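Following my numbering, the residues of the sequence shown are numbered contiguously, the last one being 993.
One thing to keep in mind: the hints can contain errors.
[Claimed, not checked] Just the calculated beta-carbon pair ranges, DEER-fashion:
#: 1; residue 1: D669; residue 2: D786; range: 50 to 58 Å
#: 2; residue 1: Q658; residue 2: G697; range: 24 to 32 Å
#: 3; residue 1: E980; residue 2: A799; range: 56 to 64 Å
#: 4; residue 1: E772; residue 2: N940; range: 18 to 26 Å
#: 5; residue 1: A671; residue 2: A799; range: 54 to 62 Å
#: 6; residue 1: I720; residue 2: T909; range: 20 to 28 Å
In case anyone wonders, no lab produced these hints; they're calculated from the structure. Since this is a predicted model, take the numbers as computed values, not measurements. Each residue gets a CB set at the ideal place from its N, CA and C atoms; glycine is no exception.
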Amino acid sequence: MANLNEALASAFTEMADGLTSGSFGRKKRIGLTLVGSEHGSEELVRAATLAARQYADIEPVLIGDVAECGFELHPASDLLECHQVMEALLEEGKIDACVTLHYSFPLGVSTVGKVITPAIGREMILATTTGTSDIVRNIAMVKNAIAGIALAKASGIQQPTVGILNVEGAAQVERALRQLNDNGFAINFIESDRADGGVLMRGNDLLQGIPDVMVADSLTGNLMMKVFSSFNTGGSYEALGYGYGPGLGEEAKQIVGIISRASGAPVIAGAMRLLADSVQGDLLNLYRRELKTAKEAGLEEILLTLEPKGLKPKSVAEKTETVTAPPEKITDSDINGIDILDIETACDALWAKNIFARTGMGCTGPVVMVAKEDREQACVVLKESGFIA
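Generate coordinates for the entire structure from the input sequences, incorporating the hints supplied.
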């Protein structure tokens, strides 16, 4: 009887909250880390306040080191500790998703963002904006299309239109996606607004937001995200959009969304909105279903046709047979400047010297992540091996 009374009380409380706020159902508990912004922790707290005021279905949960914030706060002194607390809260189900910055996803996971285009204020999904889905760009772009479609559907667009940014290799990506479509993985291609049409999108189409999902490689998508979010502020303050988005890939276990150090409160609040939509739309499971359908339509065989001729870069999932990983450490230092095709081999070179390392992707490209105390030695090994200058 006690449990029944508690359940009824909870239901009445939820109904009363819904009548007050206009939003029914459990609020989405969206985490936000407070360390690392170029605009200070106060800007991130302001973003949480903005999100809570604008969106009745979002309950911000903050992670960081501030004296007063008005929300549930989990202490953390630096970004590494923020990420450790974030991962624990996600694992324990105490938050549904989390917005953070400078989070190195494993290779194979990249983020899908959303912008507001300047021509007519249309929302457009950029697939993708950080991380990398594959070390071969054309293969990555095909995978990015699947991730972009998944986020669009999780956000409530049941038949999202898809365009491919006209970068090098886009024609190959188009052929691969059309073959997937012919094999049963439905893709709703859209035509360029230019007179000659076609599914390859020009700069004009970017500004107008012609497709619901714009497919690109991560570094190009990252550049576009920065331009779209700060074109009217001079670049130092990202004021418009929904952030760099949640990480998607076969290794993605939780919904973690990315902002940048330059992101301002409006963008951070938008990022929390995008993650709340992702939670509501069951994004990770939806992505897995889309990927399963794509594989049933011959995805893996189609991707093999995009492998560079005469070049066999190591697969993201492939493990070396000759080098054993040293004991694991916390990898809290990044080493940049390594070519994407060499990133796995560079990691193997460190393992061979008994230095534990992981591979990942930051905003500016691939990184090898090592423990702070190993960084100096790791740099020596990588320089001697010719991986960095």
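- Note whether the CB distance of D669 and D786 lies within 50 to 58 Å or breaks it. Because 54 Å falls inside the window, the suggested range holds.
- That 18 to 26 Å hint for E772 and N940 (C-beta), does it hold up? Taking Cβ atoms as reference, E772 and N940 lie about 23 Å apart, which means the hint holds.
- Is the gap between the beta carbons of Q658 and G697 within 24 to 32 Å? This hint holds: roughly 25 Å between Cβ atoms.
- Do the Cβ positions of I720 and T909 conform to the proposed distance bound of 20 to 28 Å? Between I720 and T909, where Cβ atoms are some 36 Å apart, the hint is violated.
- Message: Is 54 to 62 Å respected by the C-beta to C-beta distance linking A671 and A799?
- Response: Because 59 Å falls inside the window, the suggested range holds.
- Message: Tell me if the beta carbons of E980 and A799 are separated by a distance inside 56 to 64 Å.
- Response: holds (58 Å)
Hint 6 from the list above is the single one not met by this structure.
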